[in-house]
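Go ahead and model the full structure; you've got the sequences and the hints to work with.
2 protein chains.
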Amino acid sequence: MIKLKADYILTMDSKYSIIENGEIIFDKKIIEVGKNLQKTDKEIYLGKNSVIMPALINSHTHLEFSHNKTLLNYGDFIMWLDSVIENREELFINCKSECYKKAIEEMKKSGVCAFGEISSTGDDLRYLKHSPLKVVYFNEIIGTNPAVVDMLYQDFLARVEESLKLESEKFKVGVSIHSAYSVHPILMDKVINIAKTKKLPIQTHFMESKAERNWLDKGEGEFKLFFEKNFKNAKPLIKPVEFIEKFKNTNTTFIHCVYANEKEINKIKEIDGYISHCPVSNRLLNVGLLDLEKVKNNGIDYNVATDGLSSNYSLNLFKEIRAALLMHTTLHPKYLAKDLLKAVTINAAKSLGLNNGSLEKGKDADIITFKLPSKVKNIENLPLHIILHTTNVEKLFVNGKEI
Amino acid sequence: MIKLKADYILTMDSKYSIIENGEIIFDKKIIEVGKNLQKTDKEIYLGKNSVIMPALINSHTHLEFSHNKTLLNYGDFIMWLDSVIENREELFINCKSECYKKAIEEMKKSGVCAFGEISSTGDDLRYLKHSPLKVVYFNEIIGTNPAVVDMLYQDFLARVEESLKLESEKFKVGVSIHSAYSVHPILMDKVINIAKTKKLPIQTHFMESKAERNWLDKGEGEFKLFFEKNFKNAKPLIKPVEFIEKFKNTNTTFIHCVYANEKEINKIKEIDGYISHCPVSNRLLNVGLLDLEKVKNNGIDYNVATDGLSSNYSLNLFKEIRAALLMHTTLHPKYLAKDLLKAVTINAAKSLGLNNGSLEKGKDADIITFKLPSKVKNIENLPLHIILHTTNVEKLFVNGKEI
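Protein sequences appear in the order of chains S and Y. Take the first sequence: its position 232, counted from the start at 1, is 232 in our numbering, and no numbers get skipped. Take the second sequence: its position 99, counted from the start at 1, is 99 in our numbering, and no numbers get skipped.
The hints are simulated quantities; they were obtained by calculation from the structure and are not laboratory data. A portion of the hints provided could be inaccurate.
Pairs involving identical chains hold if they fit within one copy or between any two copies, as the list cannot separate such chains.
Restricting the straight-line Cα-Cα distance to at most 27 Å, the calculated cross-link-like pairs of lysine-lysine (BS3-like) are [said to hold, decoys possible]:
no. : residue 1 : residue 2
1   : K371      : K101
2   : K338      : K395
3   : K248      : K29
4   : K229      : K334
Here you go:
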């Protein structure tokens, strides 16, 4: 049982309670949060301008692509996709143990206790099974060719089974349907059925680019050329709203949604879906900026993630929310800052189905601590100053253990 | 005489020439840039994926405010201004030698060789006169009360004279008229006359906030309340276009311009003025984003600066242009990246009247070197990858001397 004391505790509870000169007691779980708590054997005051808050959660990554630095082509979604296809093998071959370690280390330094990983091959399993951070491992399916649907599905099933063997306190399994344009509806149904049976969370990319919008709506645009070139298959296989409806009665997070319209956002809310916002990735592929107001007005608590190093220069989640804070120039920085801290803690925890993301009794003791450069005069500005001045944390506890 | 060799040399000349496997020879000035140049005694190859480019120039700062971290109120221009007035003394008293050193050190690490400093009191002179970086020291005038115009002017003159005594290779003097809303037109004329006589560059804040727009256009809005509260004086003293016209036949940079209209931007071009863009500062005061397309369409080569720590969390100029790259979500990242590197080198040099900012024969040898994380497959992407992957530089040369 440890007691930590800090000048500021952000609980991220439903009231967004901030406790000045607060204390937290925990073992593997959080036991108590407040002021002047019971005495314990081990008590640590974290120092002047110290902050305690829930550890961060990076809901959506592709660590398989962590070898990319300057190889892939940024600035246009389809050009980027072409470059991914061209260089995929080279990137995968060059991302081995050291590469995964570095990626995880960068997240860890920034206070990330858990991440959602999209696995397209299953090869990353060996590198992630001993991760010091919690992993939600999304086995991904991709493929539209009806002739190979069965083969793809068998491979997918084998990967799901393999990953399920590793399930533990720190390793959870999920499934991923790559996107509405890249997976055959037969496969979608099969995968969603497994998720329902085994109660696995789902992630799917949705409306990331204008090309996707044009393709799914009208079978036109850049994706038409792309499909004709790569797969001959040149007809969209599902309507966007029909796609969303398939995920009814599951726990699904829709990644990106930059080009999702009002009706679709509304539908996502209707099925209790979540949205992941990856602002830097969207920017580097030049697809524009998600309308966060629209998402909020529909009552969806979005989360924020880095995406993979295939479309980002960093996996540091504080850098990502600082970027988000700067990029959404029409939103008030003080209130956006509050939302962004929620986005990478409690909202991300809900999306991944984890028992963390807030400092409340009974939650996993996934906690970070760090110091601000000086006293915050007006406590209302605390979330903003945390985002402006924090890049790496001092301590990170996962299930109550400092790592 | 030194020769440096690198995998990539960005000359920032008028053709935006990039030399692969290039070389540069310099002493205090640049002697030659190209490939396979003459032999010299001292030759250094900077290593795999190394880059040589002109050192950066931070055209607009307020180092007097460098003590601020979490004190001032962000999110609204007028609330911020109120907090500046309230805390000005505290901030100034707490920024002494160490504080200036830190501020300069942060710029230096990011590859800044020169900066424009707005000095409101002259007290910073003692801390800046031995700066390892080049300084363009803008003595600022502020004040609208006709009763004290003479006193303000005498104080200003004394500061100008004091700073002129320090003029050297690395220390240049300029003047600053705080803004169109805060300086009496009589003072403007006097100060502009001095600038003309002594050939000093000028900086002035212009159209930073919507409040300023409303005030100068109609004598209305938040500034009306602000002036009534603080100065009783509640009438705008000059029209925006008339203000810009005063700077004809000077070398003037207009800072911010977020709310400048087409006519004003056009007028700035007409008098050969420059524009400084401070995206992070504008964001933290929640005034919106400068329309860079409008600026470019009017043929103005803008520069980018950090502004002071009164409205930024960092003076690192690479971080600033990375933020700009992310924030301007409607501009193509690849082409914006090219412009942003120009903005902090050659464009900033022109604005400050310095003989650097590009690697060309006869220019001051103000040079930075650093390494990219990997080879850039497509050379067209070099500016983008430099901005994404560089935060601090390896070597910084000022007038040919490594510092």
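If the cutoff is 27 Å on CA atoms, where do K371 and K101 land: within, between, both or neither? Let me know, please. Both: 26 Å inside a chain and 22 Å across chains, each within 27 Å.
Alpha-carbon proximity between K338 and K395, which holds within one copy, between copies, both or neither at 27 Å: within (22 Å within a copy, 39 Å between copies)
With identical chains, the pair K229 and K334 could be close in the same copy or across copies; at 27 Å between alpha carbons, which is it: within, between, both, or neither? between (47 Å within a copy, 25 Å between copies)
Given a CA cutoff of 27 Å, do K248 and K29 count as a within-copy pair, a between-copy pair, both, or neither? Result: close neither inside a copy nor across copies, 32 Å intra and 69 Å inter.
When each numbered hint is compared with the structure, a violation occurs for hint 3 only.
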